[in-house]
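Chemist: Assemble the complex: chain X is given as a structure, and chains F and W must be docked to it using the hints.
Protein chains in written order, with my numbering: chain X, 182 to 504; chain F, 2 to 319; chain W, 1190 to 1683.
Fair warning: there could be bad hints in the mix.
[What the hints assert, rightly or not] Residues from chain W shown here face chain F by an in silico Cβ test under 8 Å; the list is partial:
{"hint": "1", "residue": "Glu-1452"}
{"hint": "2", "residue": "Met-1465"}
{"hint": "3", "residue": "Asp-1564"}
{"hint": "4", "residue": "His-1565"}
Please keep in mind that the hints were generated in silico from the structure rather than gathered at the bench.
Cβ atoms here follow ideal geometry from the backbone N, Cα and C, with glycine treated the same way.
For reference, the chains in residue letters:
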Amino acid sequence: MNRYRLVHTTEFLYDGPVSESYNEVRLRPMHDERQSCLSFRLITAPMSRGTAYRDAYGNWVHQFNVLAEHQRLKVEAESVVLAHEAMDSSADSTPLSDYDCSCHQIAEEFYDFMAPTGYVPHLAALEQIAEDAEAQSDGTVAGFAEAASNVIHESFRYVKGATHVHSSIEDSLSIGAGVCQDFAHVMLGVVRMRGLAGRYVSGYLVPGAAAAPDAKQEDVIGGQASHAWVEVLMPNNSWMPFDPTLGKPVGLRHIRIAYGRDYGDVAPVRGVYKGHAGQRLSVDVRVRPALDDTGTEQLAKSAAPPAPATMIAERPQQPQQQQ
Amino acid sequence: MLSRIAESLFWLARYIERAEGTARILDVNYHMLLEQSQQSYRLRWEPLIIMAGEEDRFRKLYKEVNAENVFEFLAFRHDNPSSIVQCIAKARENARTIRDRMSREMWEDINGLFHVANSYVPADEIAAGPHRFCDKIKFGAHRFHGVTDSTLPHDEGWDFLRVGWALERVEMTARLVDVQYHNLLDTPSPTGALDNHQWMAVLRSVGAYEAYHRQYPPPIEPEKVAEMLILNPQHPHSIRFSASEVQAGLRAISGSGRGSYANEAERLAGRLLERLSYDRIGEIFDQGLHGYLNDVLRISGSIGEDIARTYFYYAVVA
Amino acid sequence: MGAAPAHMASLGLFAGYDTGDFYDEMFSSRGEPRPAYTKLFQKLATMARSHFEERRKLADLSFLIQGITFTVYSDGRGTERLFPFDLIPRIIPNSEWQRIDRGLSQRVVALNLFLHDVYGKQQIFRDQRIPRSLVYSCPHFHREVVGVEVPKGIHTHICGIDLVRDSKSGEFCVLEDNVRTPSGVSYVLENRLVMTRTFPDAFQANEVLPVNNYPAELSRILRSLSPRGENEAQIVVLTPGTYNSAYFEHSFLAQQMGVELVEGRDLIVDGGVVYMKTIRGLTRVDVIYRRIDDEFLDSLTFRADSILGVPGLMGAYRAGNVALANAVGNGVADDKAIYAYVPEFIRYYLGEEPVLRSVETFICSKPQDLKYVLDHLDNLVVKAVGESGGYGMLIGPASDRQRIEEFRCRIKANPRNYIAQPVVPLSRVPSYDASEGSIAGRHVDLRPYCLYDGEKVTIVPGGLTRVALQRDSLIVNSSQGGGSKDTWVLRGES
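Bound conformation, chain X alone (with noise of 0.2 Å):
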């Protein structure tokens, strides 16, 4: 089964009253060659009037605001997706050493998947990866970026909580350990620095269960929140993915939502608002196939630890991480 219905939701909760929230969404999934939007609908408690647009990236952002007194905040995005079947795309074998005669163009054409960025700055300790990598490789670029991949996955462990939405590599290099967020960060830091381009992907890993053609109960996904890998740029120009935090092969359970330089282009929900209250978030995503309606509701929660009630007037909205 790869046709899913997803319902994220994410919820602000304010320990008084706040106002004049503003928030910035991306959350609808990519239409495309390899996965269809079938639909998409948002949903916001208090209600708001949105805009929606495009960015840089091609991803589709919706703003809304809320300019009224509000204790409690809820973003319900439910979309339909489905995942096509990969076609038989007849594997990229063009040796790294033929590649670097002609990255210089590569790194013309897409310098913004090769720049370091302020969560994946370039480190020497990423060097020593991407050392081992090639050793493991066969040599070609997608052996490198597979070699790549399963090294971060060997090397890192995947621990909750390690590291915080705004960590940049270094901290996940530092103590060897963090959530998926971190491992895409750490696998982009070390293809950009080998010369090759990669862009982070945000989305949702559908866990096997919700996939298995029996599959009746809804299911909470990737960790109780999005998820988050990475595609590299093959000599023949096509983006091939990696997930890092999984150690498998990219699939059809891999549903695409938006392409950045890192968590900072493609965050989930962003926005700031008017108020001296603290807020608690808390994110919820739930699949289940799309067919099938009748599954008995077990919601699962995750509330992050509350944020410091700080006295500041104007405040950013609690940024959730991708796990």
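Modeler: Same frame as chain X, but now just chains F and W:
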């Protein structure tokens, strides 16, 4: 008109009025008090600090309540938010944020007054006495009124200035009468007689001395002074006159007619004016002057708050 | 050494005047007054010092009373200072001005086309006239506005382009472009006003082109951008507030145009439409002449810690419900490294040769340029690409070893952040030195103000002449001891 601009005009007027009022009180009382005996000295100076509502701050800064200290404190101290130079600075700061909305003449006038006020050397002025400085401020404020009247369109911006001026006057006069009345009656005069001298000072500090004499025969009687300053319908510094200005300004802004009101500030202003128009001074004394004036101050404070709620900080509803 | 002209030694204020090794705008190398300056020279040369001093004080007082000041925060309290005004005007011959006008018009149009291209189709990268990496690595290149359609395709509504006259060639060349929120035009207008009041006789016999059309032209252009049509256009000037050093100018322009001056807190966005908060409720806003930097405009899109701007504003802008002048993202066009490519933009977009020369520029992110720069730091001016106001600059010949080494480290650590240029020996104009009580040559630059309506560029005749009042100083910025002069373009032949 932008809410912020209306607010700045309102406060610009209040600060100018406060500076002028302080300058008047300081000037008149200073010269009167110098003629007093040393013994009653402190008792006479203290009310000036109380009127400004700055007793605590004064005590932190000075050991002694004397002419020099009070003058310096009320005129020049930058760490006294109610000092004349601070009021002028705040008036000018408000003007600066809206200078595109006032006439060039108004801006140059208030800006000039600011530079003049800051050009005085406090030590020199303390030695020379406050008259020269206070006179400059008083006339500076009068000139600003005049310049405003003749160069600013009499639109809603002008009305916000008018309300600011008048509301500040209500409060200045109410505090003056309250503090001086009790102070003068409670303090035995060394001469034994009622302190004619002091009452002249009170009248002079709001420029009502001559007007008083046109209306009442000598000698000066405290109750009549109170009547003049609270209930006189024509004198520009009386509470009643100022309250009617507040009401007229607010009505001009909202466009509401006689007998109706468009917001809470207008309702309160109307009620206040009603009382001032029909109360008699005897009745006021019967119920207690202090309590009566306290009521005036409380209502005036509420009017200020409600003007802010109605025009400056209204809640935005989606 | 240009010796003092013999006949000047006895001439009052000009006693002991020395043109030095520089191009002197008033005197030819033989010490003769140039044609455009003849009448002014006669006036000044016969003027008593006391008379001149008196007028100078009158002018200063006039600026003080009008509150034409800028705020300096060095003492932590924020003091207001006068922008020193030098009473001796700077004159640009008409024929020379014609050329400047043509050169600037061409440049503004090319910069606009460049911005429209990099935030739109990006054809220039495909045609390989500028590396994408150079553009994308600009700190002021904003991906947030890639693909945003701006009204009438105008990005550079208001530009201030800094020109200097190179003493070697005697020719004007472009030193810097300012296409974000250039300031100073209010000084042009006020300088002229004060000048006509305090020195009216200087205008006699000189027919000076007026400058006071600027606010009307700016207002016309802003009005034409309104998404609801010109008749309903509600225009505002958006200022960071009274603490901004250019606050006087924001308020001046709002008043001159008869539009509202607003701060961020006066505006609110609802459903992608901008409103201002008035005593009668919300009023829709159509065009914002904003004097707030991009990064502070909208805390939702840019810096979340900004309290100066208006959250949601970029959404309204993107939806076409409000027009912003200048457009967002313009900083990429006045980046000091991009500057080196502007002549190429003129050729590429307009098919013309640049009228005005640029200063030779070494881009430190290019390895061969970097090597040259590091080898010649003693002789070069090094500038940080994103800075302005004379900050983040090294003037090699005037710096000690320690400072040079400090810059060497900085450049090596972040080459993309620096460019270098040869030192341009700026021309000089006679200026009054109050401490000496006489007139001496002082270095000047020129910032003309250009307005672009999508079809033609309108330039205020003259512009702001900034003068380095300290002897031998080349830094004209007001924050560093610079002053200004009234700048005259004479009508007709001169």
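Chemist: Take the shortest C-beta to C-beta distance between Met-1465 of chain W and chain F; is it under 8 Å?
Modeler: holds (6 Å)
Chemist: So, as I understand it, the hint says Glu-1452 of chain W touches chain F; can you test that by seeing if any CB pair is closer than 8 Å?
Modeler: holds (7 Å)
Chemist: Classify the hint on Asp-1564 of chain W as holds or violated, based on whether any CB of chain F lies nearer than 8 Å to its CB.
Modeler: violated (51 Å)
Chemist: Taking the least C-beta to C-beta distance, is His-1565 of chain W closer than 8 Å to chain F?
Modeler: Given a least distance of 48 Å, the restraint on His-1565 of chain W is violated.
When each numbered hint is compared with the structure, violations occur for hints 3, 4.
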